[in-house]
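Participant: Sequence:
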Amino acid sequence: MALRATRNDLGENAKKVSVSVLNATLSDTIDLTNCVRMAHWTLRGSNFIGLHTMLEGFYNELFATADDVAERLVQLGGTPDGTSQNVVEKSRLPAYPQGTTASLEHVKELADRFALLAKHVREGIDSTDEAGDADTADLLTGLSRDLDKKLWMLEAHLEK
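For what it's worth, the UniProt record's numbering labels the leading residue of the sequence shown as 1, then goes sequentially.
Simulated from the structure, these hints should not be mistaken for lab results. One or more of the hints may lead you astray.
[Stated by the list, open to error] Straight-line alpha carbon distances no greater than 30 Å define the calculated DSBU-like cross-link-like pairs of lysine-lysine that follow:
no. : residue 1 : residue 2
1   : K119      : K90
2   : K108      : K160
3   : K149      : K119
4   : K160      : K149
5   : K119      : K160
6   : K119      : K16
7   : K108      : K90
8   : K119      : K108
9   : K149      : K90
10  : K108      : K149
11  : K90       : K16
[As the list claims (entries may be wrong)] DEER-style ranges, computed between Cβ atoms:
no. : residue 1 : residue 2 : range
12  : E105      : T6        : 19 to 27 Å
13  : E89       : G142      : 24 to 32 Å
14  : A134      : H52       : 37 to 45 Å
15  : A95       : F63       : 19 to 27 Å
16  : E89       : D112      : 14 to 22 Å
On a predicted model such as this, the values are computed, not experimentally measured, just so you know. Glycine is no exception: its CB is placed at the ideal position from the N, C-alpha and C atoms.
Whenever a hint applies, use it, and build me the whole structure from the sequences.
Facilitator: Structure below.
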């Protein structure tokens, strides 16, 4: 992986580890944003308006997060892999089911994906911290907290 020259004084290994982790996180975050949008557009059920409104906030916040991740990547000399083609190829999340309309089925599908992304982000925190990039680890820590909060909000809808 070739990095662009930058005055950022992190070591080359730290930059390479962080760029790799950030690109994986970027693909997953863009994919999750699109999953949330799909649910927002197609969900049906008695709790429609509450979920519709909540999910709109989720995808707007995820979009902003993807921007933060991509910008950190560029700061380290990397190039974001944020095109649709790259996201399809590199996302670690399972494909979102096309035919889902039931609101609680959407919630379950999204909860599974938020939990999986949170797991990957925590692994990225460890990797970037061990490589010596505290700033990327901090960015990912904030993302981890946000994903856990959204997961909690989704799971609250699933309790009987």
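Participant: Tell me the numbers of any earlier hints that the structure contravenes, in ascending order.
Facilitator: 12
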